[in-house]
Amino acid sequence: MSKHHVTTNINGEPVEFLCEAQQTMLDVLRDELHLTGSKEGCGSGDCGACSVILDGKVVCSCLMLGVEAEGRKVITIEGIAQGDKLHPVQQKFLEHAALQCGFCTPGLIVAAKALLDENLNPTEEETRYWLAGNLCRCTGYDKVIRAVLDAAAVMRGEPGASVST
Amino acid sequence: MPRVSYTAPATVDEAVKALAGAAGLAKVLSGGTDLLVQLKSGRLAPELIVDMKRIPEMIGIREEGEFFVIGAATPGVMLSAHERLEHAFPGIVEGVDLIGSTQIQGRASIAGNLCNASPAADSVPPVIAARATAVIAGPNGRREVAVEAIVIGPGRTSLAKGEFVVEFKVPKPKPRQCDAYLRFIPRTEMDIAVVGCAVNVTLDAGGTCIDARVVLGAVAPTQLIVDEAAQALIGHKLDADTLAKLDLAAQRACKPITDKRGTIEYRIKIAGVLARRAAAIAFERAAARA
Ligand SMILES: Cc1cc2nc3c(=O)[nH]c(=O)nc-3n(C[C@H](O)[C@H](O)[C@H](O)COP(=O)(O)OP(=O)(O)OC[C@H]3O[C@@H](n4cnc5c(N)ncnc54)[C@H](O)[C@@H]3O)c2cc1C
Ligand code: FES
Ligand code: FES
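Note that the protein sequences, when read in sequence, are chains F and D.
Reading the first sequence from the start, the letters are residues 1 to 165 in our numbering.
Reading the second sequence from the start, the letters are residues 1001 to 1290 in our numbering.
Hints are not guaranteed to be accurate.
[Stated by the list, open to error] Here are the simulated BS3-like cross-link-like pairs (lysine-lysine), alpha carbons at most 27 Å apart as the crow flies:
hint : chain 1 : residue 1 : chain 2 : residue 2
1    : D       : Lys-1027  : F       : Lys-3
2    : F       : Lys-57    : D       : Lys-1169
3    : F       : Lys-3     : D       : Lys-1245
4    : D       : Lys-1040  : F       : Lys-73
5    : F       : Lys-85    : F       : Lys-143
6    : D       : Lys-1053  : F       : Lys-73
7    : D       : Lys-1169  : D       : Lys-1017
8    : D       : Lys-1053  : D       : Lys-1017
9    : D       : Lys-1053  : F       : Lys-57
10   : D       : Lys-1017  : D       : Lys-1161
11   : D       : Lys-1040  : F       : Lys-3
12   : F       : Lys-73    : F       : Lys-57
13   : D       : Lys-1174  : D       : Lys-1237
14   : D       : Lys-1174  : D       : Lys-1161
15   : D       : Lys-1169  : D       : Lys-1027
16   : D       : Lys-1245  : D       : Lys-1255
17   : F       : Lys-73    : D       : Lys-1027
18   : D       : Lys-1269  : D       : Lys-1237
19   : D       : Lys-1169  : D       : Lys-1053
20   : F       : Lys-3     : D       : Lys-1053
21   : D       : Lys-1172  : D       : Lys-1260
22   : D       : Lys-1040  : D       : Lys-1161
23   : D       : Lys-1027  : D       : Lys-1053
24   : D       : Lys-1161  : D       : Lys-1172
25   : D       : Lys-1040  : D       : Lys-1260
26   : D       : Lys-1260  : F       : Lys-57
27   : F       : Lys-57    : D       : Lys-1040
28   : F       : Lys-3     : F       : Lys-73
29   : F       : Lys-85    : F       : Lys-57
30   : D       : Lys-1053  : D       : Lys-1174
31   : D       : Lys-1053  : D       : Lys-1172
32   : D       : Lys-1040  : D       : Lys-1027
33   : F       : Lys-57    : F       : Lys-143
Hints were generated in silico from the structure; no laboratory data involved.
Keep in mind the model is a prediction, meaning the values are calculated, not measured.
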């Protein structure tokens, strides 16, 4: 079976790759493009560790085929920071210590960024529901939620919480 | 995943040809949130995947005269963002919104939810309660059927080989018609319905019910249209006596199984409770409409 030639855009850069139809987008990102920030926690849509933003909407890359990326725009965790400058969500994850092992972190940050792209003023409840598909087995969710709400405040131009580190 | 071929046709006709031309099993792909899980687990090994998301008429929501027309592969996130649909059918949007997480919503479609044929599919009861029809394309052309005619058992549909759903047609609500969908799960998010219940009612100016459909999910091999429950509502306001009759009718219709999420007795009891609560919401919404 011949491979598919896919032309797409990843993190703002035009990208071409070859893949087989049964390879998921997550397989392509990790194994073909060596963008290993997106993680495979479950492979079945339950954990969110593989979250990417596809044409503006956050999706599980483990439940998307690589071939489906043709002509689309994909943003992965590698595309969230602007060069050396961390995205406010990333910065606040550090300040609030919203991670331990870090396996869930790329997915959480991608999903949180997608939330703040749509809504800079989410309530705590909205934030918790939005992130319900991102599982974390170490940190507990509270620090994550604090970090996201604090990032939202900073992005609205408010001073944000001062966190003792 | 096992080897498979993939094609993404640009038109319905091309999709029909691709499906008809496959020698072995060909599967339609909408959001992939069921299909890819099944491919990975080895439950399915199709020869061909036909991706419907490049067919313009199959994505998005249009208003055509007295109908909302919903492209079969439209992801949940587009349905919830459609203000006029959400205003007309808050119950349909409630059902769609309950499917999985934000990430799943970014992809999951009503057609996939329906054609996966799980008794617990959350968007299906409110779509049936709205008396929606499905336009089906296949090797013999197009046909239109009531949505409830599609699922015939767990994992089984009445679609013939090579047929697929192109779009859903939902008749716009009449004055003082509205709906609601509730499901019960043991946690607050990310679980499969123990029971789901959709109620769609039309009231007269005085608040008496003149038309109703009550549909239960997860309590039988397919979604159940409970005529007795609708009859309990029609001709009445939502008083205690009507609610008691509705509760009883919903309970009587159930033919559930016992599994890790709930026993037969529990599901039956919850079906009555959800019917009452969903009816209360639907009546209130309908009454609030001029
Ligand atoms: C983590 C997770 C949580 C979930 N939670 C829920 C939940 O709470 N409630 C719920 O109801 N479901 C849930 N689901 C199941 C799934 O997301 C839904 O059933 C979804 O609506 C399927 O839509 P899809 O577009 O992704 O379907 P797909 O996976 O693309 O297709 C599903 C099936 O339908 C067929 N099909 C797709 N489109 C068509 C068409 N146009 N015509 C004919 N056949 C078609 C496919 O061939 C396949 O057999 C969950 C899934 C995951 C992974
Ligand atoms: S790896 Fe994709 S959701 Fe878990
Ligand atoms: S930090 Fe370990 S899973 Fe979240």
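Right, here's what the structure says about each hint:
{"no.": "1", "hint": "Lys-1027/D / Lys-3/F", "result": "holds (20 Å)"}
{"no.": "2", "hint": "Lys-57/F / Lys-1169/D", "result": "holds (26 Å)"}
{"no.": "3", "hint": "Lys-3/F / Lys-1245/D", "result": "violated (61 Å)"}
{"no.": "4", "hint": "Lys-1040/D / Lys-73/F", "result": "holds (25 Å)"}
{"no.": "5", "hint": "Lys-85/F / Lys-143/F", "result": "holds (22 Å)"}
{"no.": "6", "hint": "Lys-1053/D / Lys-73/F", "result": "holds (15 Å)"}
{"no.": "7", "hint": "Lys-1169/D / Lys-1017/D", "result": "holds (24 Å)"}
{"no.": "8", "hint": "Lys-1053/D / Lys-1017/D", "result": "holds (16 Å)"}
{"no.": "9", "hint": "Lys-1053/D / Lys-57/F", "result": "holds (15 Å)"}
{"no.": "10", "hint": "Lys-1017/D / Lys-1161/D", "result": "holds (12 Å)"}
{"no.": "11", "hint": "Lys-1040/D / Lys-3/F", "result": "holds (19 Å)"}
{"no.": "12", "hint": "Lys-73/F / Lys-57/F", "result": "holds (10 Å)"}
{"no.": "13", "hint": "Lys-1174/D / Lys-1237/D", "result": "holds (18 Å)"}
{"no.": "14", "hint": "Lys-1174/D / Lys-1161/D", "result": "violated (36 Å)"}
{"no.": "15", "hint": "Lys-1169/D / Lys-1027/D", "result": "holds (23 Å)"}
{"no.": "16", "hint": "Lys-1245/D / Lys-1255/D", "result": "holds (18 Å)"}
{"no.": "17", "hint": "Lys-73/F / Lys-1027/D", "result": "holds (25 Å)"}
{"no.": "18", "hint": "Lys-1269/D / Lys-1237/D", "result": "holds (23 Å)"}
{"no.": "19", "hint": "Lys-1169/D / Lys-1053/D", "result": "holds (18 Å)"}
{"no.": "20", "hint": "Lys-3/F / Lys-1053/D", "result": "holds (21 Å)"}
{"no.": "21", "hint": "Lys-1172/D / Lys-1260/D", "result": "violated (39 Å)"}
{"no.": "22", "hint": "Lys-1040/D / Lys-1161/D", "result": "holds (23 Å)"}
{"no.": "23", "hint": "Lys-1027/D / Lys-1053/D", "result": "holds (14 Å)"}
{"no.": "24", "hint": "Lys-1161/D / Lys-1172/D", "result": "violated (31 Å)"}
{"no.": "25", "hint": "Lys-1040/D / Lys-1260/D", "result": "holds (24 Å)"}
{"no.": "26", "hint": "Lys-1260/D / Lys-57/F", "result": "violated (33 Å)"}
{"no.": "27", "hint": "Lys-57/F / Lys-1040/D", "result": "holds (23 Å)"}
{"no.": "28", "hint": "Lys-3/F / Lys-73/F", "result": "holds (21 Å)"}
{"no.": "29", "hint": "Lys-85/F / Lys-57/F", "result": "holds (23 Å)"}
{"no.": "30", "hint": "Lys-1053/D / Lys-1174/D", "result": "violated (32 Å)"}
{"no.": "31", "hint": "Lys-1053/D / Lys-1172/D", "result": "holds (25 Å)"}
{"no.": "32", "hint": "Lys-1040/D / Lys-1027/D", "result": "holds (14 Å)"}
{"no.": "33", "hint": "Lys-57/F / Lys-143/F", "result": "holds (24 Å)"}
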